[in-house]
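Colleague: If you want the building blocks of each chain, they are given just below.
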Amino acid sequence: MTAGRKTAALTIEGLRVAIGGHDVLRGVDLTLEAGRVHGLAGESGSGKTMTGLAVLGLLPHGSRTSGRIEFAGRNLLETPVRELDEVRGAKIAMVFQDPATSLHPMLTVERQLTEHMRHHLGVGRKEARERAAGLLAKVRIPGPEEALKRYPHQFSGGMRQRIAVAVALACEPEVLIADEPTTALDVTVQAGILRLLRGLCDDLGLAVLLVTHDLGVMSAVADEVSVMKDGLVVETGPRGRVLREPRHPYTRSLLDALPVPPEEKSP
Amino acid sequence: MTVPPTGPLLSVEDLVVEHRTPGRPVVRAVAGASLRVAAGEVVGLVGESGCGKSTLARAVCGLHGAASGRILVGGHPVRPLGLRRRDPALTGVQMVFQDPYSSLNPRRRVGAQIADGLRTAGDTTTDPADLLERVGLPRAFASRHPHEFSGGQRQRIAVARALAARPSLLIGDEPISALDASAQAQVARLMRDLAVESGAGLLFISHDLSVVRLIADRIAVMYLGKIVETGPTAEVWADPRHPYTRGLLAAIPSPDGAGVLPAELPGDVPDPADPPAGCRFHPRCPLVMDACREREPDFGPVACWLHEVEPSPSS
Ligand SMILES: Nc1ncnc2c1ncn2[C@@H]1O[C@H](COP(=O)(O)OP(=O)(O)OP(=O)(O)O)[C@@H](O)[C@H]1O
Ligand SMILES: Nc1ncnc2c1ncn2[C@@H]1O[C@H](COP(=O)(O)OP(=O)(O)OP(=O)(O)O)[C@@H](O)[C@H]1O
Ligand SMILES: [Mg+2]
Ligand SMILES: [Mg+2]
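If you're matching them up, the sequences are chains A and B in order.
Residue numbering for the first sequence is 1 to 267, as defined by our numbering.
Residue numbering for the second sequence is 268 to 582, as defined by our numbering.
These aren't lab readings, by the way, just hints derived from the structure by calculation.
Don't take each hint at face value.
In silico negatives: residues of chain B with every beta carbon more than 10 Å from chain A [claimed, not checked]: (1) D281; (2) A396; (3) F566.
Simulated restraints, written as ranges between beta carbons of each label pair [unchecked claim]: (4) B/D390 with A/D256: 30 to 38 Å; (5) B/T387 with A/V123: 37 to 45 Å; (6) A/G124 with B/E561: 31 to 39 Å; (7) A/G124 with B/P542: 34 to 42 Å; (8) A/I19 with B/R337: 44 to 52 Å; (9) A/H248 with B/E415: 23 to 31 Å; (10) A/E245 with B/H343: 33 to 41 Å.
Using N, Cα and C, we set each Cβ at its ideal position, and we do this for glycine too.
Here chain B stands alone, though its shape is the one from the complex (with noise of 0.2 Å):
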């Protein structure tokens, strides 16, 4: 067991991962992604919609295989999953998945899954009630089972049964999306809290981008298959530097009671089997410039031809 106490606790490197179907083309959902969060960190992943979030998270989790490059956690690499077999390296990670119900077991009450993860954590004393309190939810909650709750509340105990497990790196895939924005920013702190006190990461992928900004260190922002820029979020916030990026924030809708509709990103979105030469965005890109369409921009932080050295002071 060597982990070295400076390296990241989750470090992806260079990620590809493909969906085969038989007589399908093949889809590149990850085309080449490098990520890091850090013991104490709270990473957010934001992107377009299928451009490949959950197959990253999926794949840190071993459920899908890379077709090249690494994932280490706690700098032991991930292998995909046998049927008996667990992976050493998975042991104290956590996912609670996008769609509530894969991470719930509908024939069970909900205290006696939450008490799984007290298990995990080799927790005895803590009741399960205590964990639904602390998601917001009443503590009579624990002997219903999944379906008898509204959309939101099981999302809140897919989150409650993941925090029991006291996990080294939490995964959180849109764990939160259905809440509004009060019990949002109380669950999100309280995944906050558990990866800043006990030293374990979370990357936190979302499509809320007002949350992410509320509890994420640094953010990483995904397009088609590849992270095009990371930075520490107040600095992605006030100076977004991708064009996508740009795109992405501006879009985001005001509660000002206007009645304006945001913009769309100019163009189709893209089809992973078929990715377009060059950059990626160039197709869809304002500032797309002759290089964009021949050549991929294969840097960080920011992968784009306009910040290969340095922004140029032209425009």
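Chain A with its partners taken away, still in its complex shape (with noise of 0.2 Å):
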């Protein structure tokens, strides 16, 4: 555990987004924490995805932002484009709901996995090459060596998640932003995941922002939960805590949404 020493790695206060006069933030407040992973739940439209986009600045064209974004000194909302670009990948990464955004379709995986490495690491080409086949075989995808020539349409949709995973992991990133990151995953390939995730907090550090509607996944790896609704985090505390007992009506009505098994109804 080396979350002692510094807390606070990225505070977001008072987030408000609009895109095309429609409000779609409406004043969100999460801390994210070195060595925690702080979940992320919320009905579907709720602005999840929106809070992550912010972070990166990668918000729609036409989006009006307000609030604080604070990540090492600085507001990320007020930071300009090329300082951004320095922070962006290498310092805060993300991994996007749909993993087409996260991987270019006509690059080698290879490619994808290395241009940042060198690029921000400032690493070689037989290092990051190294170092990518290494990262695939982390994210469990078979015959690593092999992959790394291959292009994005030639694996899985599960693959395409989790070797998005592995680049958003490669730049070895403060802050991670993994929006539904093991939504294509079966139940044992996403454990696999999910401890990888784990270690990072664990023994580098890593802070993770993990937007899942699985509150199954919520409960094995997250340190903190939040909720949202509509625009709002309506509830935050500690994983055991909300959970089980939840305070607010819509947390409580996502755990009673939870599917009864058939013959734990009348038979």
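Fit the two chains together into the complex; they arrive one by one in their own frames, and the hints show the way.
Modeller: Listed below in structure tokens is the structure:
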């Protein structure tokens, strides 16, 4: 556990986003800490993805923002694009909900993994290649050496999702925003990815914002849990408390909606 | 037209599908899989990421050719799609793709796309907005374009469009993976009702085992290109017999707030370009025997040497 030294890795305060006159985020507060996983659940369309995109400065064109996103002593919402480019990908990385956004269809997996490494970490071609193969093995891609030469469309949906995780981790970021990173994975491979993320937090002090609608996943890895509805965070607290004694009615309704197995209903 | 009224709606027989890339080893993504879906039945297809579920589904839609084996829809063999020709076996088949972007045209309003589905079904009275409402979205969304939606909203639109066409066979490839539990239950039930009420079949591919359990009559478990176990959902759930199925069910994380990381399967995820000899699962199987290393168990409903005739009472 290296979590003790610096606490808040990234702070979001009063974040508001409007797209085309429509209020998508209406004052979101969230704190990510080094070495901790902050889980974010919430209604479909409540603004989870927009919160992540705002941190990376990747909101749709014409979005208007206000509030603060503080990272390493500056407000990312007011940081010029050129400086933001040094943070993006290198210090703060994102796994996009749609893996197609994370991966370039015309580039080999090797190029997508090594290009950022060579640019941001300044490592040579050979070392970058070795690291890339190591990352693919970590995300449980079979035959990593051979996989480096292939293009995204030659992988299954879940493999693409895992390659997107590898791309996000390539530059050893301090903050990882992972937007539904295991939706395309079966539960055994998912267990491997969750263990990988947990290990990076515990060993390297990575701060993670894990967006997931799967409360089982949430329960397995999140330290803190926040729940969003209609562009607002309606509840935040330690995992055990939020999942066992939810305070907000919406959180309670989420837990109540978990499918009841057939034999537990009246026969 | 001789549609055998008693035969299954979809019958996949010993199907082999290969991906070939010049200079690369052949990837046998589906390696002799058999599967049936009856009219009015919901079959859940589950399995490890990369085991060939989407490849199988795309082959059923004529998007991949079969290297060997057969696919019959309503008794008619499916052949790969030509550029112009639409295979008569495929009228009535709708697929919701794993990536919702592939199901939706980014340049057209979603209402117009749902209207296309209605037209396929010859339905001139239903308003596309009615379908949006049924999948839990506001009617006004009909005038928006796909990029204006969140991931889960987009999946619901893809489902609405497929349902609009009133298919006789609906294939959903992770159609609701981005929805929260309550929306999942709603849309999954809607898909199920369509199948049961209109006598259509539903092949439902999902990693979310609790949803599969909720809507599937039967489960088919796939591992590295083969169906390794099939059976009625409740039976497979209560008494999984293939060691892979057991490992899969044991890895479902529980939402109890306890912070317990579920177990991974031992060993490496296998490469379909280089499958292990004998039983494909043997390098990772906790119950492996000598026979498993040598011969492939080529039988059902549980393709495992432990279950060849009857489960042996010793261990
Ligand atoms: N380009 C856009 N233009 C206008 N509205 C948009 C656009 N993109 C998203 N929205 C709207 O913003 C809201 C928040 O979307 P967001 O993608 O953040 O939801 P989410 O919480 O990630 O949902 P999901 O769980 O379904 O992915 C949604 O109501 C959506 O319809
Ligand atoms: N176009 C292609 N060229 C080469 N290999 C491919 C191609 N498409 C898929 N594959 C390989 O075929 C195998 C099966 O892929 P498929 O997409 O059918 O898996 P899946 O079961 O749907 O997995 P997931 O649950 O991750 O979506 C994988 O090993 C994948 O890498
Ligand atoms: Mg989202
Ligand atoms: Mg797939």
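Colleague: Check each numbered hint from earlier against the structure, then list the numbers of those it violates in ascending order.
Modeller: 5, 6, 10
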